[in-house]
Amino acid sequence: MTSAQPEFRTEELLADVIARLIGDVRHVAVGNASPIPATAALLARQRGNGRPYVSLLGSPKNTFWTDGARELFDCAGQGRIDVFFLSGGQIDGRGNVNLVSTGDYAHPQVRFPGSFGSAYLYYVVPKVILFRTEHSRRTLVPQVDFISAPGASEPNVFRPGGPIALVTNRCLFSFGGGRFRLDSVHPGHTVDEVFEHTGFEFECPAAVPQTPAPTPATLRLMRETVALQLAEVYPQFARQVFGVGEQAFVR
Amino acid sequence: MVQSAKSLDEALASLSDGAMLVVPREVSGVPMAATRALIRRGLKRLHLVALPTSSLQADLLIGAGCVATLETSAVSLGEFGPAPRFCAAVTAGTIRMMDATCPALHAALQASEKGVPFMPLRGLIGSDVLKYRDDWKVIDSPFGNSDPIVLLPALKPDVALFHAPMADRFGNVWIGRQRELATMAHAAERTIVTVEKIHEANLLEDPLLAAGTLAGFYVESIAVAERGAWPLPLPDHYGADAEHLALYARMAASDQGFADYLDKYVHDKRAA
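Line by line, the protein sequences give chains F and S.
Following the numbering used here, the numbering of the first sequence begins with 1 at its first residue and continues without gaps.
Following the numbering used here, the numbering of the second sequence begins with 1 at its first residue and continues without gaps.
Simulated from the structure, these hints should not be mistaken for lab results.
Note that the coordinates shown come from a computational prediction; the quantities given were computed from them, not determined experimentally.
Cβ coordinates follow ideal geometry from the N, Cα and C atoms, glycine included.
Be careful, since some hints might not be right.
Unchecked claim - With beta-carbon atoms standing in for the labels, derived distance ranges:
(1) 138(F) to 96(S): 39 to 49 Å
(2) 64(F) to 197(S): 21 to 31 Å
(3) 65(S) to 191(F): 26 to 36 Å
(4) 114(S) to 217(F): 44 to 54 Å
(5) 238(S) to 24(F): 54 to 64 Å
(6) 203(F) to 96(S): 18 to 28 Å
(7) 264(S) to 220(F): 47 to 57 Å
(8) 212(F) to 244(S): 17 to 27 Å
To be verified - Which chain S residues stay away from chain F? Per the calculated CB distances, all over 12 Å, these:
(9) 39
(10) 175
(11) 262
Start from the sequences and build out the full structure, keeping to the hints where you can.
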């Protein structure tokens, strides 16, 4: 890192990358246990002066659903959610995600919590951003053991949505034509390292740029404004990453 | 229908071994005091439906040997990690798992709510969630042109059980914005509710409260259980007991630790 660049944390870099992927849309929804995507969505909202609309599961202040938990899915089914985030115990090179188990389904080796809404939202939300902070051959595999939700569907299957990118702690992959392409490698990481730790095949251009570091203005926005909004839903994360104290929490 | 509040055990009496029981997700009014009472009673062979996910409640019921079949979209302790008894039971094959996806459970209950035999749902095609659900079917939409779509059979539980902020003396229950509780009650044969307190006036006579009220028409029995969702949260009323949930995650990691947890927090006393 040169002296001209400010210091930043990995979480801040990843949130900045995801905020760029979100782009100019109307409605971003963030599921449970997703503090970095939540940071990105709030950052995008702050930059856009209130656009996109952000729904954060678990935040009474940042959800408008009053017709039960099904309203989120009904909203998504109508195309009223533009961006969502998914992770997976395993993700493979075709964009399939596994949130269920490893090994044989009837006799699993490791059981994960379950598919949640993935087997539906992956199909109907136009931009799904995959997200995994452990970039390893254990998580990024040649083929998932269980398909909670497939990366692509047959042409006649209703599929307005699907993956557009995979963000890890090491790099950014874009997704298109049924496979991943290495778009950029984060500062401090290398292309060789990405090959070493990725279990699936991906397209790699001759020259892979470095992921741009967050600008001082972006870091200021995250630390001074977004962090306080985030603290309502993710107090531990806001404290650890942004040093937000209890007294600063927005009620 | 005028009802009077019963004791917890009286209210739960009609829930029998082998019943299909639907319960709400971890933050939506989970009847934990009732769950402990059911474990003390030694309820067996439940077909447990968690709408659409669960945390401590499913893990406790599974660990205590009350569950034969679990139908849900996910079980975890959230920030406290995996649900240890659930993971152990699934890997050991001691419960039958019916993996779903959240909107499928909502939709299948809505079919019962409407009295229709099935509900169509987008997504799912090409997933292993669908592959392992013999009870779900794919048809070509009669209104489309080569448009395959999944049909989910109506899910009609024997009993819906949840915890809510208050009920009145007419059996009306105030659920606020947790509207999935109404879907559960509309779909189930019978509904049993625990509440924090009894509200003296008729909830349906106050237009502001009436919009968040489940009519007593749907409710079989009500028991008062103060802090009845503890250690889980009651939305808009109290938060989760994070310290206790962390303690549970540690203890339930081993068979012996889980047995000790049951002795201390389920069998020995009416906790909190």
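Evaluated hints:
| no. | hint | result |
| --- | --- | --- |
| 1 | 138(F) to 96(S): 39 to 49 Å | violated, 28 Å |
| 2 | 64(F) to 197(S): 21 to 31 Å | holds, 28 Å |
| 3 | 65(S) to 191(F): 26 to 36 Å | violated, 52 Å |
| 4 | 114(S) to 217(F): 44 to 54 Å | holds, 52 Å |
| 5 | 238(S) to 24(F): 54 to 64 Å | violated, 40 Å |
| 6 | 203(F) to 96(S): 18 to 28 Å | violated, 42 Å |
| 7 | 264(S) to 220(F): 47 to 57 Å | holds, 49 Å |
| 8 | 212(F) to 244(S): 17 to 27 Å | violated, 44 Å |
| 9 | 39 | holds, 22 Å |
| 10 | 175 | violated, 10 Å |
| 11 | 262 | holds, 22 Å |
Violated hints, in rising order: 1, 3, 5, 6, 8 and 10; the structure is consistent with all others.
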